[in-house]
Amino acid sequence: MSTLVLDREYFINVFRDMLPFVDKESEHLQQLDSAIGDGDHGINLTIGFREVAKQLDTINENAADISTIFKKVGMLLLGKVGGSSGPLYGSFFMKAGKDVTGKNEVTFDEFCGMLLNGIESIQLRGKAELGDKTMIDAFLPGAEVLKQDSPEDPVEKFTAFVEAMKEGAESTIPLIAKKGRAMRLGERAIGHKDPGAESAWMMMEVFLKRLKEAASA
Amino acid sequence: MSTLVLDREYFINVFRDMLPFVDKESEHLQQLDSAIGDGDHGINLTIGFREVAKQLDTINENAADISTIFKKVGMLLLGKVGGSSGPLYGSFFMKAGKDVTGKNEVTFDEFCGMLLNGIESIQLRGKAELGDKTMIDAFLPGAEVLKQDSPEDPVEKFTAFVEAMKEGAESTIPLIAKKGRAMRLGERAIGHKDPGAESAWMMMEVFLKRLKEAASA
Amino acid sequence: MKRLVNDGYEVVEELLEGFTKANSDYVELLEHDKRVVVSKKRGDKSKVGIIIGGGSGHEPLFINYVGENFADASVVGNVNTSPSPEPCYNAVKAVDTGKGCLYMYGNYAGDVMNFDMGAEMAADEGIQVETVTITDDVYSSENIEDRRGVAGDIFVFKAAAAAAAKGLELPEVKAAAEKANAATRSMGVALSSCTLPATGKNIFEMEEGDMEIGMGIHGEPGVRRDKIRPADEVVDELLGYILEDHSLDSGDETYVLVNGLGGLPLMDQYIVYRRVEQVLSEKGIKVYKNLVGNYATSMDMVGMSITLVKLDDELKELLDYPTDIPNIKF
Amino acid sequence: MKRLVNDGYEVVEELLEGFTKANSDYVELLEHDKRVVVSKKRGDKSKVGIIIGGGSGHEPLFINYVGENFADASVVGNVNTSPSPEPCYNAVKAVDTGKGCLYMYGNYAGDVMNFDMGAEMAADEGIQVETVTITDDVYSSENIEDRRGVAGDIFVFKAAAAAAAKGLELPEVKAAAEKANAATRSMGVALSSCTLPATGKNIFEMEEGDMEIGMGIHGEPGVRRDKIRPADEVVDELLGYILEDHSLDSGDETYVLVNGLGGLPLMDQYIVYRRVEQVLSEKGIKVYKNLVGNYATSMDMVGMSITLVKLDDELKELLDYPTDIPNIKF
Ligand SMILES: Nc1ncnc2c1ncn2[C@@H]1O[C@H](COP(=O)(O)OP(=O)(O)O)[C@@H](O)[C@H]1O
Ligand SMILES: Nc1ncnc2c1ncn2[C@@H]1O[C@H](COP(=O)(O)OP(=O)(O)O)[C@@H](O)[C@H]1O
Ligand SMILES: [Mg+2]
Ligand SMILES: [Mg+2]
Ligand SMILES: [Mg+2]
Ligand SMILES: [Mg+2]
Numbered sequence: 001m002s003t004l005v006l007d008r009e010y011f012i013n014v015f016r017d018m019l020p021f022v023d024k025e026s027e028h029l030q031q032l033d034s035a036i037g038d039g040d041h042g043i044n045l046t047i048g049f050r051e052v053a054k055q056l057d058t059i060n061e062n063a064a065d066i067s068t069i070f071k072k073v074g075m076l077l078l079g080k081v082g083g084s085s086g087p088l089y090g091s092f093f094m095k096a097g098k099d100v101t102g103k104n105e106v107t108f109d110e111f112c113g114m115l116l117n118g119i120e121s122i123q124l125r126g127k128a129e130l131g132d133k134t135m136i137d138a139f140l141p142g143a144e145v146l147k148q149d150s151p152e153d154p155v156e157k158f159t160a161f162v163e164a165m166k167e168g169a170e171s172t173i174p175l176i177a178k179k180g181r182a183m184r185l186g187e188r189a190i191g192h193k194d195p196g197a198e199s200a201w202m203m204m205e206v207f208l209k210r211l212k213e214a215a216s217a
Numbered sequence: 001m002s003t004l005v006l007d008r009e010y011f012i013n014v015f016r017d018m019l020p021f022v023d024k025e026s027e028h029l030q031q032l033d034s035a036i037g038d039g040d041h042g043i044n045l046t047i048g049f050r051e052v053a054k055q056l057d058t059i060n061e062n063a064a065d066i067s068t069i070f071k072k073v074g075m076l077l078l079g080k081v082g083g084s085s086g087p088l089y090g091s092f093f094m095k096a097g098k099d100v101t102g103k104n105e106v107t108f109d110e111f112c113g114m115l116l117n118g119i120e121s122i123q124l125r126g127k128a129e130l131g132d133k134t135m136i137d138a139f140l141p142g143a144e145v146l147k148q149d150s151p152e153d154p155v156e157k158f159t160a161f162v163e164a165m166k167e168g169a170e171s172t173i174p175l176i177a178k179k180g181r182a183m184r185l186g187e188r189a190i191g192h193k194d195p196g197a198e199s200a201w202m203m204m205e206v207f208l209k210r211l212k213e214a215a216s217a
Numbered sequence: 001m002k003r004l005v006n007d008g009y010e011v012v013e014e015l016l017e018g019f020t021k022a023n024s025d026y027v028e029l030l031e032h033d034k035r036v037v038v039s040k041k042r043g044d045k046s047k048v049g050i051i052i053g054g055g056s057g058h059e060p061l062f063i064n065y066v067g068e069n070f071a072d073a074s075v076v077g078n079v080n081t082s083p084s085p086e087p088c089y090n091a092v093k094a095v096d097t098g099k100g101c102l103y104m105y106g107n108y109a110g111d112v113m114n115f116d117m118g119a120e121m122a123a124d125e126g127i128q129v130e131t132v133t134i135t136d137d138v139y140s141s142e143n144i145e146d147r148r149g150v151a152g153d154i155f156v157f158k159a160a161a162a163a164a165a166k167g168l169e170l171p172e173v174k175a176a177a178e179k180a181n182a183a184t185r186s187m188g189v190a191l192s193s194c195t196l197p198a199t200g201k202n203i204f205e206m207e208e209g210d211m212e213i214g215m216g217i218h219g220e221p222g223v224r225r226d227k228i229r230p231a232d233e234v235v236d237e238l239l240g241y242i243l244e245d246h247s248l249d250s251g252d253e254t255y256v257l258v259n260g261l262g263g264l265p266l267m268d269q270y271i272v273y274r275r276v277e278q279v280l281s282e283k284g285i286k287v288y289k290n291l292v293g294n295y296a297t298s299m300d301m302v303g304m305s306i307t308l309v310k311l312d313d314e315l316k317e318l319l320d321y322p323t324d325i326p327n328i329k330f
Numbered sequence: 001m002k003r004l005v006n007d008g009y010e011v012v013e014e015l016l017e018g019f020t021k022a023n024s025d026y027v028e029l030l031e032h033d034k035r036v037v038v039s040k041k042r043g044d045k046s047k048v049g050i051i052i053g054g055g056s057g058h059e060p061l062f063i064n065y066v067g068e069n070f071a072d073a074s075v076v077g078n079v080n081t082s083p084s085p086e087p088c089y090n091a092v093k094a095v096d097t098g099k100g101c102l103y104m105y106g107n108y109a110g111d112v113m114n115f116d117m118g119a120e121m122a123a124d125e126g127i128q129v130e131t132v133t134i135t136d137d138v139y140s141s142e143n144i145e146d147r148r149g150v151a152g153d154i155f156v157f158k159a160a161a162a163a164a165a166k167g168l169e170l171p172e173v174k175a176a177a178e179k180a181n182a183a184t185r186s187m188g189v190a191l192s193s194c195t196l197p198a199t200g201k202n203i204f205e206m207e208e209g210d211m212e213i214g215m216g217i218h219g220e221p222g223v224r225r226d227k228i229r230p231a232d233e234v235v236d237e238l239l240g241y242i243l244e245d246h247s248l249d250s251g252d253e254t255y256v257l258v259n260g261l262g263g264l265p266l267m268d269q270y271i272v273y274r275r276v277e278q279v280l281s282e283k284g285i286k287v288y289k290n291l292v293g294n295y296a297t298s299m300d301m302v303g304m305s306i307t308l309v310k311l312d313d314e315l316k317e318l319l320d321y322p323t324d325i326p327n328i329k330f
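Residue numbers (full-length UniProt numbering), protein chains in the order written: chain A, 1 to 217; chain B, 1 to 217; chain C, 1 to 330; chain D, 1 to 330.
Hints in this document: simulated from the structure, not taken from any laboratory. Just so it is clear, CB atoms sit at the ideal spot from N, CA and C, and this is done for glycine as well. One or more of the hints may lead you astray.
What the hints assert, rightly or not - Between beta-carbon pairs, the in silico distance windows are:
id, chain 1, residue 1, chain 2, residue 2, range
1, D, K201, C, E244, 35 to 43 Å
2, D, E10, C, D210, 20 to 28 Å
3, B, T101, C, M1, 44 to 52 Å
4, A, P174, C, D25, 39 to 47 Å
5, C, H32, D, E10, 25 to 33 Å
6, A, D57, D, D124, 52 to 60 Å
7, A, P174, D, E28, 47 to 55 Å
8, B, K24, D, I144, 51 to 59 Å
9, D, E317, C, G43, 52 to 60 Å
10, D, M1, A, E213, 54 to 62 Å
11, C, E233, A, E9, 39 to 47 Å
12, D, E207, C, D210, 18 to 26 Å
Said to hold, decoys possible - Only pairs whose alpha carbons sit at most 27 Å apart, straight line, appear in this in silico DSS-like list of lysine-lysine:
id, chain 1, residue 1, chain 2, residue 2
13, D, K310, D, K179
14, D, K41, C, K316
15, C, K40, D, K329
16, A, K193, A, K179
17, D, K329, C, K21
18, D, K289, C, K21
19, D, K289, C, K310
20, D, K316, C, K40
21, A, K212, A, K147
22, B, K193, B, K127
23, A, K24, D, K201
24, D, K40, D, K329
25, C, K201, B, K193
26, D, K34, A, K54
27, C, K21, D, K310
28, C, K286, C, K316
29, D, K329, C, K166
30, D, K283, C, K21
Next up, chain A with everything else stripped away, as it sits in the complex (with noise of 0.2 Å):
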């Protein structure tokens, strides 16, 4: 067990991290989406990761705990992107919150457990399984990951977590989809990486860089 204890600076921090990395990767999520959906994945995420930008200072200001950051940030999400991912997405957040109500800090276990509960409301809203090709697919082998009462120090294992999450996307490449716009797509989605899978690993990745910081201040 870890003694690592994440405060809300660092999960701010993450919050406020998201733009610029979805600006960087916008256009790339976005052919991914071209080639097996509408091409807007990348659009739904800035318009999304904008508005928490701009609120990001009042939430913190207003916000009792961790809880109710993660909360806010997930009905921003629910509330401006709309389409698959602004539910999915929406609903992780606000389930990783749930957990953690009155709590300024937790420690990296609890941390886990949030992540948990987020993947766990993105299946219930999706009813995706594994192998249908959206982000479940990232989402499932990661989980694995984090339910695993390992001894390692909390960056390897958030490092195997992301990577899980990355082969994950991977994995969706060869496959057929069974939900989302490409479900109509049949053999066509062949040879395609699912947007939102890829969209997943790469914003837990976003945790995982300031998770090396906390870890070695």
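Knowing the structure of chain A, use the given hints to seat chains B, C and D with the ligands on it.
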């Protein structure tokens, strides 16, 4: 005075040559019309002379004289083309036929008179003057050559006619248009040759080619 | 070639076949001249015949403006090309009820020559035909009578058609058209050429990202070529030209048309309308009514035009007259 | 970038501002939620609330289908993106008169998730909301319930709206929508991508001269990419897919929609209609009514879809119900 006589076969042959000529020059004429008009001058002539080609045998079978052949060709252009060149070239051929009723061959001088009648009718119909940047800028200098009571041989005279028209067409390049679509362009018309002036001399060159054959026969 | 056609030289015949089949309650082609669309809603009362027309490729102009209390006939030319004299004449023969006919069309040399010849043929038989050529395109000439007709056509058609429907005589119907024409100003912008079906090619090349202010509805070059700018700036420039030319003052009322040229999304047209309304209301000019959509196109040309009609009570009454035409609420 | 917009991320707000200004007799935005267009023609009689919606960029869909005897509200998402749950819920709050509401929208994962959440929020307050997702796009799946909704939306909307206007209760209104949906089949073809205003770029690249049979209204890939063929052959192929899937026999009556996707000339659409009518009449299938034009677009996408509705007396009565909506005769 020349003694060259042109029979109805000559004119039928010329009219038969028109469609291949237009097919060859259509794109070139379109480009000229694109620059200062609406890009359809070649299409308009194609539509007209396709119909002429289609009906030429019937016209030849039923026409009592050269006059009727010209009138029918003119009416087909008038009826099928529309736009500016329909009534202008339509009138040209219709009026070119007006003084040769009952004839199945005409002297070269009578033929020159026919063309002068045709040119006059374009002026009447379109009311353009020299320098307005229209086909008139080709026809009027040509008409001057036709009117000269010259002793030369027909081919030489007709060559000079076509040459004068060609130079007239060139002379439209630096002009600002005063008639037709290009009228609204102002200075932007400068540097472009008028498409109708170009098609006018080229059409007369089709007459010239067959005239050379007839003269050497 | 981003077009869905068969033979590029048969588009007009096929268009008319499709159009008349789709709207057989409203229109038919003349039995002996398939280039004349005639209204089936003419009824049998005697009235001035309303005849409009021009080249094809501007759909819904001109053919959709035939119907009840609108045009009685439309004469159809080749793509971007005036109809020839005979169908102009045949249209008169078909719809004249003894009270004479009014020709209305955009002011283009070719149309003038052909319709005039049609009118001469009718005159030879003692049928009176008057003509009003439409000249709403502000930037096409300094002299109003030399200007081109573009989307503003539809207001002139409607005003005259309403006057005819009300039973007015030919001189009054003509006066209504002239009045509407004098009150109407348009100006357009194009972001691309249209594609000619006969060649499958653009009329002219336009760099991606360029626009041409003042371009004509057949692709005639306009005022100048420029880089595409934000919609609001483009609107401001177009309105600037129109308002400089048109005496519209605070307190005046207008009918506004934002007209798509065929390839511009309706989304963009509403964004444009938004700005038009902003500018007019800043100036105290009231929008009485408006139309936003593709009312007079240049096939697939990407672009739009803005038309302002300066209204008085007479024009309001004429332009409010109820009509029933294919697919268009106007 | 052949678009006339300002900031590509502001297009929806500006579209709605322009649309509601242009049609202030018909519609307004909710004071507290600018993503909900509400009809001003609802009157004060109690009836089932008709709520439609989806992403922007399909204008005139969905916003123009709000009005008298049509939808009571439209919920507006970002470009090509479902609206979020809150406006879906706010629309219910705005138009419910105690008889419950019906959500209707094209069957897309995003829309289903968001509208469902809106319905849950309404249910929490005891307001009953039923849903019919439209599944007219023949080639989008073997299973009808997995299919996408495209231009056929408008028939389902109209049928349900008419049922509501007649005073029927929610289960019957829902049944009318389901019946219309079951009777409606569409199939499209695209010759180009649309341009996303946020990026100024095409969603995907398409070679000049290529077409994609079965492409979705958001640019989702279709059946296959092919060289553009003559219009008649394209129509024959699309109709082939539809008629294989749809039990339309000699003697049956249909409502036909030839729908332009935004960038295809109306000329071409009439040429297409011509062929549709030819094929149907060869098979003895009667065209009861038709629509030809841009009724559900993908902004500037060049392409079209064909929709056939199999009619019976009940559907005819519903689809003939008089309506009054902005700019569209339907
Ligand atoms: N039912 C679902 N469950 C999980 N993820 C889904 C589901 N449907 C879609 N997705 C994810 O959403 C991504 C698309 O997001 P986005 O492009 O933003 O939304 P839209 O499809 O509405 O345009 C897909 O790549 C996929 O990963
Ligand atoms: N009033 C006129 N008098 C003489 N020639 C004219 C006149 N108006 C136009 N033209 C000629 O017609 C040509 C254009 O013909 P065309 O492109 O076929 O017709 P349109 O202008 O109707 O498209 C011009 O280049 C010009 O030479
Ligand atoms: Mg997407
Ligand atoms: Mg021309
Ligand atoms: Mg022309
Ligand atoms: Mg989307």
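Here is how each hint holds up against the structure:
For K201 of chain D paired with E244 of chain C, a C-beta distance near 36 Å keeps the hint of 35 to 43 Å intact. Taking the beta carbon of each, E10 of chain D and D210 of chain C are about 23 Å apart, inside 20 to 28 Å as hinted. Range check, T101 of chain B to M1 of chain C: about 48 Å between beta-carbon atoms, so the 44 to 52 Å window is met. Restraint check, P174 of chain A to D25 of chain C: a C-beta distance of roughly 55 Å breaks the suggested window 39 to 47 Å.
Between H32 of chain C and E10 of chain D the C-beta distance comes to about 56 Å, which lies outside the given range of 25 to 33 Å. A C-beta distance of roughly 32 Å is found between D57 of chain A and D124 of chain D, which places it outside the suggested range of 52 to 60 Å. For P174 of chain A paired with E28 of chain D, a C-beta distance near 50 Å keeps the hint of 47 to 55 Å intact. Between K24 of chain B and I144 of chain D the beta carbon distance is about 56 Å. The supplied range of 51 to 59 Å therefore holds.
Our hint of 52 to 60 Å for E317 of chain D and G43 of chain C is violated, since their Cβ atoms are close to 28 Å apart. Against the hinted window of 54 to 62 Å, the Cβ-Cβ separation of M1 of chain D and E213 of chain A comes to about 40 Å, which falls outside the hint. Against the hinted window of 39 to 47 Å, the Cβ-Cβ separation of E233 of chain C and E9 of chain A comes to about 44 Å, which satisfies the hint. About 22 Å separates the C-beta atoms of E207 of chain D and D210 of chain C, a value consistent with the hinted range of 18 to 26 Å.
Restraint check for K310 of chain D and K179 of chain D: satisfied, since their Cα atoms lie roughly 10 Å apart, inside the 27 Å limit. About 24 Å separates the Cα atoms of K41 of chain D and K316 of chain C, which keeps this hinted pair within 27 Å; it holds. Pair hint K40 of chain C plus K329 of chain D holds up; C-alpha atoms about 19 Å apart against a cutoff of 27 Å. A distance of roughly 14 Å separates the Cα atoms of K193 of chain A and K179 of chain A; the hinted pair therefore holds under the 27 Å criterion.
Of the pairs offered as hints, the one joining K329 of chain D and K21 of chain C holds, with about 18 Å between alpha carbons and a cut-off of 27 Å not exceeded. Among the hinted pairs, K289 of chain D with K21 of chain C is consistent with the structure: their alpha-carbon atoms are about 11 Å apart, no more than 27 Å. Distance check on the hinted pair: K289 of chain D and K310 of chain C sit about 38 Å apart at the alpha-carbon level, beyond 27 Å; violated. Our distance criterion of 27 Å between C-alpha atoms is met by K316 of chain D and K40 of chain C, whose separation comes to about 24 Å.
Proposed proximity of K212 of chain A and K147 of chain A is supported: the alpha carbons are some 20 Å apart, at most 27 Å. Restraint check for K193 of chain B and K127 of chain B: the C-alpha separation of about 20 Å stays at or below 27 Å, so the hint holds. Between K24 of chain A and K201 of chain D the CA atoms are separated by roughly 17 Å; this keeps the pair inside 27 Å, and the hint holds. At roughly 18 Å between alpha-carbon atoms, K40 of chain D and K329 of chain D fall within 27 Å of each other, so this suggested pair holds.
The suggested pairing of K201 of chain C with K193 of chain B holds, with an alpha-carbon distance near 21 Å, which does not exceed 27 Å. The straight-line distance between the Cα atoms of K34 of chain D and K54 of chain A is roughly 19 Å, inside the 27 Å bound, and the hint therefore holds. For the suggested pair K21 of chain C and K310 of chain D, the alpha carbons sit about 19 Å apart, so the restraint of at most 27 Å is met. Our distance criterion of 27 Å between C-alpha atoms is met by K286 of chain C and K316 of chain C, whose separation comes to about 13 Å.
With a C-alpha separation of about 24 Å, the suggested pairing of K329 of chain D with K166 of chain C holds against the 27 Å cut-off. At roughly 17 Å between alpha-carbon atoms, K283 of chain D and K21 of chain C fall within 27 Å of each other, so this suggested pair holds.
In this structure, the earlier hints numbered 4, 5, 6, 9, 10 and 19 are contradicted, and the remaining ones agree with it.
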